[in-house]
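Peer 1: Protein chains in written order, with numbering that gives the first Met the number 0: chain R, 0 to 751; chain U, 0 to 157.
It is worth saying that the hints were derived from the structure and are not from the lab.
The model shown is predicted, which means the values in this text are computed figures rather than measured ones.
Do not rely on the hints blindly, as some may be mistaken.
[Claimed, not checked] A few chain R residues that face chain U, going by a derived Cβ cut-off under 10 Å, partial list only:
#1 Y392
#2 R401
#3 G441
#4 N600
[Unchecked claim] Computed Cβ-Cβ distance ranges for the label pairs, DEER-style:
#5 U/G82 / R/V476: 37 to 45 Å
#6 U/G114 / R/T317: 49 to 57 Å
#7 R/V694 / U/G82: 54 to 62 Å
#8 R/Y362 / U/E83: 45 to 53 Å
#9 U/G114 / R/R267: 38 to 46 Å
In this text, a Cβ means the ideal position worked out from N, Cα and C, and glycines have one as well.
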Amino acid sequence: MARFRRIKYKTYGLRPYVLLFMIHSLLLANPLATTESGNLVGTIRDAQSGEKLGWTKLYIEELNRSVTAHDDGQYHFYELPQGTYHLQVFRVGYHDRKIKVSILAGQTVQHDIKLTENTLYTETIVVEEVDDVQSIFEQPDLQVSGGKLRQNLGQTLAGTLDMEAGLSQRSMGPAPARPVLRGLSGDRVLIVEDGQRTGDLSATSADHAVVIEPVNADFIEIIRGPRALTYGSNTIGGVIDVTHDYIPHGLPHRVTGTVSMQGETVNRGFVSGLKLTIPAAPFAFSIDGSWRSATNLKTPKGELKNTGINTYNFSAGTGYYRQWGNFGAASTRYRSEYGIPPLPAKLGGHPGGVEIEMERDHYEASAELYHSFALLNRSEFTYTYTDYFHAEYHTRGVSPDRTQFGVETHHLQGRFYIPECGCGRKGQLGFWTEFRDYSSAGLNFTPNTTERAAAIYGYQEFQWKKIALAGALRYDVRNVRPDEERYSVFLDGLIRERTFSGFSGAAGIRYAFAEDWNANLNFFRSLRTPGVEELYSEGPHLAAYAYEIGSANLNTERGLGTEIGLTYQSEQIDFKGTIYRNAIRGYIFPQNTNQRSFQRNDLFVYRYTGAHAIMYGAEATGHWHMFRGWNIDATVSYVHGTLANDEHPLPRIPPLQGKIGLYFKSTRLKYGLFINHADAQNRTGQFETATEGYVVLDLFAQYNIAAGRLLHTVSLRVNNLTNTVYYQHLNRVKEIMPEAGRNVKLLYRFYF
Amino acid sequence: MRYVLKFLILSSIVASLILYSCSESTDPHSDDNEHARGIGIRITSSGQSVVEYEGDGTLTGALTVAEGDLSVPYMFMLIDEDGEAYTPEEDHHELRFEVADTTVTTVWQHEGEEGGFEFHLQGKNQGETTVVFSVYHEDHPDFVSRDIPAQVTAANAN
Chain R
0 MARFRRIKYK TYGLRPYVLL FMIHSLLLAN PLATTESGNL VGTIRDAQSG EKLGWTKLYI
60 EELNRSVTAH DDGQYHFYEL PQGTYHLQVF RVGYHDRKIK VSILAGQTVQ HDIKLTENTL
120 YTETIVVEEV DDVQSIFEQP DLQVSGGKLR QNLGQTLAGT LDMEAGLSQR SMGPAPARPV
180 LRGLSGDRVL IVEDGQRTGD LSATSADHAV VIEPVNADFI EIIRGPRALT YGSNTIGGVI
240 DVTHDYIPHG LPHRVTGTVS MQGETVNRGF VSGLKLTIPA APFAFSIDGS WRSATNLKTP
300 KGELKNTGIN TYNFSAGTGY YRQWGNFGAA STRYRSEYGI PPLPAKLGGH PGGVEIEMER
360 DHYEASAELY HSFALLNRSE FTYTYTDYFH AEYHTRGVSP DRTQFGVETH HLQGRFYIPE
420 CGCGRKGQLG FWTEFRDYSS AGLNFTPNTT ERAAAIYGYQ EFQWKKIALA GALRYDVRNV
480 RPDEERYSVF LDGLIRERTF SGFSGAAGIR YAFAEDWNAN LNFFRSLRTP GVEELYSEGP
540 HLAAYAYEIG SANLNTERGL GTEIGLTYQS EQIDFKGTIY RNAIRGYIFP QNTNQRSFQR
600 NDLFVYRYTG AHAIMYGAEA TGHWHMFRGW NIDATVSYVH GTLANDEHPL PRIPPLQGKI
660 GLYFKSTRLK YGLFINHADA QNRTGQFETA TEGYVVLDLF AQYNIAAGRL LHTVSLRVNN
720 LTNTVYYQHL NRVKEIMPEA GRNVKLLYRF YF
Chain U
0 MRYVLKFLIL SSIVASLILY SCSESTDPHS DDNEHARGIG IRITSSGQSV VEYEGDGTLT
60 GALTVAEGDL SVPYMFMLID EDGEAYTPEE DHHELRFEVA DTTVTTVWQH EGEEGGFEFH
120 LQGKNQGETT VVFSVYHEDH PDFVSRDIPA QVTAANAN
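Looking at chain U on its own, in the form it has when it is part of the complex (with noise of 0.2 Å):
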């Protein structure tokens, strides 16, 4: 018996080492304090609210611009879960759209400024359409927007 006693003593301790002897984890993903929350965004021009949504709350607003035009310039803003709108840090993430309507309006944006917060729509046919917003943390979307709507008048007549 007493061979017993002492395998289940030995056993014991290596248990207790499995248990014990094993702590803290590595942290995997490094980049993880750098993924952007949001709960909603805000599309401002010139400082004003031009669309926006939070939660599930009611969407506000529409991008337009003119035919034939390329459109004041838009900025795009996260909505925290504190309600605080902020724009993610461009050195690690990038905005991208996908637009529903290509023949519409598509996305413009400044040569080198590509995947930045502040974008232009180019008008090409009157009409509506939406436009999805997704701000990419390195090679996957932190945010998917819901669809936005973008809406295309007729050209300025001067």
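One chain only, chain R, in its complex shape (with noise of 0.2 Å):
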């Protein structure tokens, strides 16, 4: 592929100088330097056999700590300070648990820990020698990991989300998807790695794609409520947090890792992934890296052109750890060069597609110093830099047809944590702050813009008898400054600096009515300043096949949430069914004119607009655990989306949707078949075009086995089974061409 010049940035010097100023702030506080600690250490069993379990991860809530244990079972947590903690454990296979462990001063804590066989698909902590009630608000909303994350590993991160109530993928071809949740899509979706910011342009265009690489995650969870909050204001459809553990987030005994491999038929693709923790007491050092590469997809009706991916991802990271807390550093290199599928020019489109090179460097140093006061027992420091750019052309005649965007992000924000106590449980105070400078180049007019954000915030969570309330408050601030100051024909409004500020809201309340029944209701108040290109644009967007136009006058986005929910949960069943309703005043979106550009004929103009836009629906999962390993799962979802001033329907809202799966689950092996259904969307905004329904099948098979001193996964899955032809409503170029044919993935991982 051709590349082209680079944008180049002015080189503030500045990044050194924060880290070693934080540094310096984190050794001059040095809060606890006297604080005595202790170790734990045990061996995990199976309960029943009295096998030792290897590969089983823990995780100590309270310390932000974690170990996996070695092929012998045997696990060591060294220089934990003294205190009382949660201690969660998983294991492939099994159920996990959540135990209480008390670390005493000078002493070596011997804690073994048995695990009972899962043989039901549900994956929810199962909690044990727990005292007190577990804060219900602090489990995420859907945790995808160990054998399900294996099972759906797709090529995105919203391809291997694609299964979950709720979800749904925008795309413009295979490479740029991204999940669109409760028909929220853009930022209106956090997508954070870590628990930071990617800095990459996904949320402003379908044919961005998202910097983060699955293959190689631990787990992935989706958070909604006022814990949402703590991530951002305009968290009204829910934060996705992709752990990586960059940075590693505790001392393992050994050297201890993954390595995985998958290929997949439909578009010969392959990815490798190797991903390795070091210790060196009191340092640990983690090495993650994947190559990801593939051809064109293989569609029912045939080949869909420019449609191949070449990505890769490394990062190397450290942490140093102490009784008193740990520090750490990591950074990230991600490199991809996809296509987008033509389009016909009739439909705005380039007929020989468009291609995109896409480039991320990300540093990231943190602190976090435990605590004995009485109101703050641990903080969390994190500074992050992120470098991003991307160029998209295609051939136009001679020379090729561009455009470059680039973006500079630094991020510092600090969290406090406050200890349980009386009826108060977990809460959290923090701040948040953001410089970020954004630049195009090539054939567009949007001006290069730097933004200054800041915010606080804080969130509590209570519990008395069988009622958990949880609340948080947000105020965030925003100055938008573009470089030039300027009238245009086609905007509206004058392009000038804007600043934006207001607070945002949630609470929520669970009622345990009755044994194995809760109820909970959310309230959210969502705050969501618009971007630079929502203000600004003006100009070809390339890959988007649109003539962009924003508005300089566009205010920020209010929106008001409110969910109801139902969950059951016991041995043999597990069901959770939600009613929602969002209302967003100013709600900004690229409205299809559907008339041709003044200034480039060959596009349509796509101008951003504030609405009023009303979103309800539902959602439900359900778990049955009929008899011998047999299980059914089934989840279905359904949001309706309207333009309150004139009654249109939303532009872009996933239709109908669900799926029902018969499977068996042993402790080694799992298998089983998926029917997936969507309905016809004939709700569509104004020039949309309207998707047929489609029923697809999936069939899926997972085998693990400990061999030695490694535990060796497998899993094949077969996406269409029958080679269905169907289009999804989400897919920006499904005019021209139908989703994923037949494709056999097979994926191989193991554990060491």
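Mind docking these for me? Both chains are given alone in their own frames, and the hints should help you get the complex.
Peer 2: Following this line, the structure appears as structure tokens:
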């Protein structure tokens, strides 16, 4: 692929100073140098056979430390401050457990743990030996990990999560897919990696990929409700947190890691991944690398041109662990080349498609400090710097036609954790700051823009008998400053500096009204400030096949979300149902005007518009353990979106969809089938194409076995077994090609 | 508690550094001001408008040439947001053409003047087709026109 001159930034020279200053200030603070510490060790065993269980992951919540047990089942935590903590235990094929442990100063506490086989599909945590009621708000709305993550592992994060209730994927070819939650897309669904923003542009356009490679992810969580507000003010759709642990969160006893390899037939794709954690007490080092390559996607109607992908991701990190806390740093390099499939000129596309080159360099430094104050037991500080760049181009005549985007982002945030006290459960205070420098070049008239943002927030949970409460409050301010101030005949309003601010908040209540039954009610008040592209865009966006025009007068989006849920959980049945309504004033979206651009007659104009949008819907998830390892799993979700001003349907809203699966599960083996269904979507936005319904059949099988010092896992999956022709409503290029045809995927991973 | 206070103060200073020390950004496209802007075109011959449209207004006129002949010289101009017609600076821009049916006509420019804003049509076969004009700036089109009708009339008797 041709390479273009990269956008050049001014060198701020700020990075090293910020890092040094931060470390210096932490050392000055050095609050707990005198805290006494102890160790925690033990062995993990099968509850029935007594067999030692290696490769078990253990995590201490309050200290944010984790280790993996070795092949002989032994685990070791060193230099833990004295106190009582919650220890979570995860093992492939076994129920997760959560237990309470006490660390005594100067002593090594031996705590052996027994795990029971998990023949249920449900992967909820079994809470035992914990006196107090577990924080229900702290639990993610959804967690994809272990066997479930391996089973669903796709080419992208969106593809990996696509099987979950309420989730769909916005796509424009397979590479730039991004998750959509309850019909909400863009940055209304915040995607973070190890709790930190990615610094990419995936939220701004359908052709921009998410810079997260899923193959080495430890687990993926979806967080909704009050806790989501600690990540951002515009998280009405939720937060997707992908945990890689680029900075190791614990000091392992020996070298641990995984090696993964996956191949698939539909695009002759291959991905390999390596993840290593190396101890050198009191340091730990981590290496995470992956490489992915795929050719054009095959569909039942032929090959979808220009949909290949070539991506690599490499990260190196280190952590320094003492009884008073830890420091860590990591850097990540992500490179990707992918294509956007061709779209005929009459639809505003490029007959040859568009190529995209994407680069991201990410640096992170963090510090965690343990405290024994009455109102503070842990503080956490993180600084990140991200340098993101991508170029879009296609060949038109002799010379290529190109657009470039570059973003430099600095983040600094602090989180202060409040210990349990009386009826008060976990709490958190925090601050967050951002500096963002946005540049575009090539055939684009969007001015270069700098943004400064800051926020403070608080979050607290309470527990009183069978009632749990949680609340969060956040204040944000954002200043957006374009390099130039000017009028444009196209844009609505003067291109000028804008400042936005406001409160957001959330509250939730959960009531255990009967044994195994819970009801919950959540309110969410969101605040979303318009992005640079939404305010000032003016020019062709090649890969989006659009001439985008912003509106400099756009105001903040203010959403009001209400959610009512019911859960039932017993030995055999697990059910969760939710109905919700999200009303968003000033909902910003690119509206297709169905008009050709005056400037670029080959492209349609998409104009960013603020409107009053109302979305309501329902989703349900159920698991039924029938007998002898046989299970049924089902999900269904629906969302209805309307522009309140003119009662037109909102564009790009997924149809009614669901799945049902039947499978057998034992400790080592799991196999079954899933039937996926989506209804037709005829409620379309202006100039949007309707989509027919479909039914698609998937098969899968998994097997894991411990041999020597390795735990081997194999996952086989056949997607779209019958090679059905079907179209996803949120696919921007659905007019030309259906979704992928029959695909056989084989994943081999071993843990050591 | 004083440690916490000390840390908060220091962190605030770091945050302030991030928010306010990073000042103006560098313009990554030094050629930004040289983009050709237009909301329409005017093609003239001997100073008279032959083809013209502005914004979403009606396109008037057509380019013509006789079969086997070279047309009169045509001059391509953009119409800016104020309604003024202008010729983009030739040092930084060039005119390119896409003819829908090159068996009907092609675009011809004098040797050494390729990419300039003056052009001729070469009539090949009687009929009608369209031409899309693009104003290129370095390696990308700043402007792409609508389909401009081009007619090749019967060959002149003499």
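Peer 1: Look at each hint and say if it fits the structure.
Peer 2: Okay, the hints, checked on the actual structure:
no. : hint                        : verdict
1   : Y392                        : holds, 9 Å
2   : R401                        : holds, 6 Å
3   : G441                        : holds, 6 Å
4   : N600                        : holds, 5 Å
5   : U/G82 / R/V476: 37 to 45 Å  : holds, 41 Å
6   : U/G114 / R/T317: 49 to 57 Å : holds, 56 Å
7   : R/V694 / U/G82: 54 to 62 Å  : holds, 57 Å
8   : R/Y362 / U/E83: 45 to 53 Å  : holds, 50 Å
9   : U/G114 / R/R267: 38 to 46 Å : holds, 42 Å
Every hint, counting from the list given before, is met by this structure.
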